[in-house]
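Participant: With the sequences and hints as input, model every part of the structure.
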Amino acid sequence: MTQGVAPARKTTYREAVRAALREALQRDPRVLLMGEEVGAYGGSYACSLGLLEEFGPDRVRDTPLSESAFVGMGIGAAMGGLRPIVEIMTVNFSLLALDQLLNNAATLRHMSGGQVGVPLVVRMATGAGKQVAAQHSHSLENFYAHIPGLKVLAPATLEDARGMLWTALEDPDPVILFEHTMLYGLEGELAADAGPVPIDRAAVRRPGKDVTLVAYGGTVGKAMDAARALAEQRVDAEVIDLRTLRPLDDATLLASVAKTHRAVVVDEGWRTGGLAGEICARLAERAFYDLDAPLARVCTAEVPIPYAKHLEDAALPQVEGIVQAALGAVARHG
Amino acid sequence: MTTSASPAPAVEAPTREHALSLLRSMVRVRRFEEKCAEQYAAGKIRGFLHLCIGEEAIAAGVMGLLAPGDAIVSTYREHGHALARGLSMDAVMAEMFGKLEGCSHGRGGSMHLFDVSRRFYGGNAIVAGGIPLALGLALADKVGGRPGVTACLFGDGAVAEGEFHESMNLAALWKLPVLFVCENNGYAMGTALARHQSQTNLAMKAQGYAMEATRVDGMDVLEVEAATRHALAHVRSGAGPWLLEFVTYRFRAHSAYDAERYRTKGEVTEWRKRDPIALFCHRAVEQGWLAADDLTLLEREADDEIAAAVAFAEAGTLEPTADLARHVYAEGSP
Numbered sequence: 001m002t003q004g005v006a007p008a009r010k011t012t013y014r015e016a017v018r019a020a021l022r023e024a025l026q027r028d029p030r031v032l033l034m035g036e037e038v039g040a041y042g043g044s045y046a047c048s049l050g051l052l053e054e055f056g057p058d059r060v061r062d063t064p065l066s067e068s069a070f071v072g073m074g075i076g077a078a079m080g081g082l083r084p085i086v087e088i089m090t091v092n093f094s095l096l097a098l099d100q101l102l103n104n105a106a107t108l109r110h111m112s113g114g115q116v117g118v119p120l121v122v123r124m125a126t127g128a129g130k131q132v133a134a135q136h137s138h139s140l141e142n143f144y145a146h147i148p149g150l151k152v153l154a155p156a157t158l159e160d161a162r163g164m165l166w167t168a169l170e171d172p173d174p175v176i177l178f179e180h181t182m183l184y185g186l187e188g189e190l191a192a193d194a195g196p197v198p199i200d201r202a203a204v205r206r207p208g209k210d211v212t213l214v215a216y217g218g219t220v221g222k223a224m225d226a227a228r229a230l231a232e233q234r235v236d237a238e239v240i241d242l243r244t245l246r247p248l249d250d251a252t253l254l255a256s257v258a259k260t261h262r263a264v265v266v267d268e269g270w271r272t273g274g275l276a277g278e279i280c281a282r283l284a285e286r287a288f289y290d291l292d293a294p295l296a297r298v299c300t301a302e303v304p305i306p307y308a309k310h311l312e313d314a315a316l317p318q319v320e321g322i323v324q325a326a327l328g329a330v331a332r333h334g
Numbered sequence: 335m336t337t338s339a340s341p342a343p344a345v346e347a348p349t350r351e352h353a354l355s356l357l358r359s360m361v362r363v364r365r366f367e368e369k370c371a372e373q374y375a376a377g378k379i380r381g382f383l384h385l386c387i388g389e390e391a392i393a394a395g396v397m398g399l400l401a402p403g404d405a406i407v408s409t410y411r412e413h414g415h416a417l418a419r420g421l422s423m424d425a426v427m428a429e430m431f432g433k434l435e436g437c438s439h440g441r442g443g444s445m446h447l448f449d450v451s452r453r454f455y456g457g458n459a460i461v462a463g464g465i466p467l468a469l470g471l472a473l474a475d476k477v478g479g480r481p482g483v484t485a486c487l488f489g490d491g492a493v494a495e496g497e498f499h500e501s502m503n504l505a506a507l508w509k510l511p512v513l514f515v516c517e518n519n520g521y522a523m524g525t526a527l528a529r530h531q532s533q534t535n536l537a538m539k540a541q542g543y544a545m546e547a548t549r550v551d552g553m554d555v556l557e558v559e560a561a562t563r564h565a566l567a568h569v570r571s572g573a574g575p576w577l578l579e580f581v582t583y584r585f586r587a588h589s590a591y592d593a594e595r596y597r598t599k600g601e602v603t604e605w606r607k608r609d610p611i612a613l614f615c616h617r618a619v620e621q622g623w624l625a626a627d628d629l630t631l632l633e634r635e636a637d638d639e640i641a642a643a644v645a646f647a648e649a650g651t652l653e654p655t656a657d658l659a660r661h662v663y664a665e666g667s668p
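Chains A and B, in that order, are what the protein sequence lines are.
Take the first sequence: its letter number 36 is residue 36 in this note's numbering, and every next letter is one higher.
Residues are numbered in this note's numbering as their position in the second sequence, beginning at 1, plus a constant of 334.
Accuracy of the hints is not assured; some may be wrong.
As the list claims (entries may be wrong) - Ranges between beta-carbon positions, derived for each pair:
| id | chain 1 | residue 1 | chain 2 | residue 2 | range |
| --- | --- | --- | --- | --- | --- |
| 1 | A | Gln-135 | B | Met-538 | 32 to 40 Å |
| 2 | B | Ala-544 | A | Tyr-307 | 35 to 43 Å |
| 3 | A | Asp-313 | B | Glu-594 | 53 to 61 Å |
| 4 | B | Gly-496 | A | Ala-231 | 46 to 54 Å |
| 5 | A | Ala-251 | B | Tyr-596 | 52 to 60 Å |
As the list claims (entries may be wrong) - Once the Cα atoms are required to be at most 25 Å apart in a straight line, the calculated DMTMM-like pairs of lysine to aspartate or glutamate come out as:
| id | chain 1 | residue 1 | chain 2 | residue 2 |
| --- | --- | --- | --- | --- |
| 6 | B | Lys-509 | A | Glu-53 |
| 7 | B | Lys-509 | A | Asp-58 |
| 8 | A | Lys-10 | A | Glu-187 |
| 9 | B | Lys-509 | A | Glu-37 |
| 10 | B | Lys-369 | B | Glu-639 |
Derived by calculation from the structure, the hints in this document are not laboratory data.
Idealized CB from N, CA, C, for every residue including glycine.
Facilitator: So this is what it looks like as structure tokens:
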């Protein structure tokens, strides 16, 4: 779990995911990569480009468009001693495999009295922003974060894209990784020897004292931009990247709110029944007397994500909306 | 009985020892389940209780041919499969009593019997939900270079599910060592086969997936054995999966009790004339494989074992509710 001291290199989120996949296939012969278009096509988001050539068709397996069967097969393979990485093209299609993930992956250990473990990693893209309309744009991370027995991760940085996969593979239980489609092109610097990172805690991406902005996955960058805009108005925002959506790291959230006394939760999921609501409930239950302002949420509008650019933008959480919600919180004095 | 892709292999006369073993296996299941029904009526067993009375020839014929290294994925009507695989009556009865000494520590009940030491990966109560798991277990054996075959049991209702079709295709495409065992008892709960399938010869479904298949009289334990032996040799040789359709009948209700409005008494009476135990006994005595009093002796033997199992289950312990959340994740997991 060490952060490398080797010189940093320019890379992208996509390349970081690919480096993580390559490392996993190199390190452990039990690891297989399976899913739609992971082989010959190189991955729908090019994350596995070159891996079929490097590791061969027994380790990098293109599957039919049978989400339920290949996810269930991944579960069975994990029960049988392999360490499969199953890629589902997007979270929208994962609903075809929800039965397997909920009724089998998340349930078998408990239902068997502890006999059956499912050390499976499922990766999928999530989120909107590419004008691919309602059936390819939704953020349904909360569906999975609702389920006991699963661990749910949302890497938002190059370090996490590179480092979460190996830690997830070492976990004895099923782990679901959500990669936001708008992040694949994210550029930045990453230590040449960057390696595994913890998957059980949130991270403070920007310390601040006036208001806590809670975000994950694709909204972390927007929260950081909002914090910069707020700084120009002399509001010092703290940005928390949840990183792990289940189990939630309450301690980091509570410590932040104890300091800032205000929180705005940013979530690309819909507001009703979503993760933002869960976080607000936890803060209301455990940090009520620390709060100097009502909790606020910035979520996706309660509509199927539309195609037209201006409508898609209007549906999603944006920097300006986060800034306004934060200003609204700091304008109140407890 | 008609066959689809492959001719039914010839049935050979069993030795006395083998005939006894087949009869013992069927009688143990029959008597055990009759006791379960009694215990259900007495309130000792609750929830659902799906009895396989009438279908014992399949459990006895298939399970008896599997090797210790083979794996089994079954359904919620799996008491017979579990007992024939070697799970003890003690552990199965204690499970149904909800006791810690049960084979799933009381977490699963009748529908979720597990014993990983015998590679018995559970009764699965989502119709067709276990089929993809069987593919994964088979994949793990194949990749690991182990000779194991995974027997995947399901009912006629399961062939209406997408997971069945997705899995048939994938198993055939990847030549996975899966023995598909369809127990066609004519009813998906209360819906007769002809009311939910356009093609009621279920073995025919395999043709669309370029898979070998046989349709077999599931009331004749020797036919069951012969067909299974033949299919198993094919699967074990690495030539790919095989679908066995056993035509059978459930004498009792779908679960513990139903009004049986969906079938006539006359139909049940007709099928009872083909009771697999009576059928085999009659023939075995006639052919001189068994003595006339063997059945009575085996019934007594089974009854003693069952009485001990009930006493064991009664004396079992209830898991402390403080342990409720155990086994949601692996022990020691964060």
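Participant: Indicate, hint by hint, whether the structure satisfies it.
Facilitator: Tested hints:
no.: 1; hint: Gln-135(A) - Met-538(B): 32 to 40 Å; verdict: holds, 34 Å
no.: 2; hint: Ala-544(B) - Tyr-307(A): 35 to 43 Å; verdict: holds, 40 Å
no.: 3; hint: Asp-313(A) - Glu-594(B): 53 to 61 Å; verdict: holds, 60 Å
no.: 4; hint: Gly-496(B) - Ala-231(A): 46 to 54 Å; verdict: holds, 52 Å
no.: 5; hint: Ala-251(A) - Tyr-596(B): 52 to 60 Å; verdict: holds, 56 Å
no.: 6; hint: Lys-509(B) - Glu-53(A); verdict: holds, 22 Å
no.: 7; hint: Lys-509(B) - Asp-58(A); verdict: holds, 13 Å
no.: 8; hint: Lys-10(A) - Glu-187(A); verdict: holds, 7 Å
no.: 9; hint: Lys-509(B) - Glu-37(A); verdict: holds, 20 Å
no.: 10; hint: Lys-369(B) - Glu-639(B); verdict: holds, 11 Å
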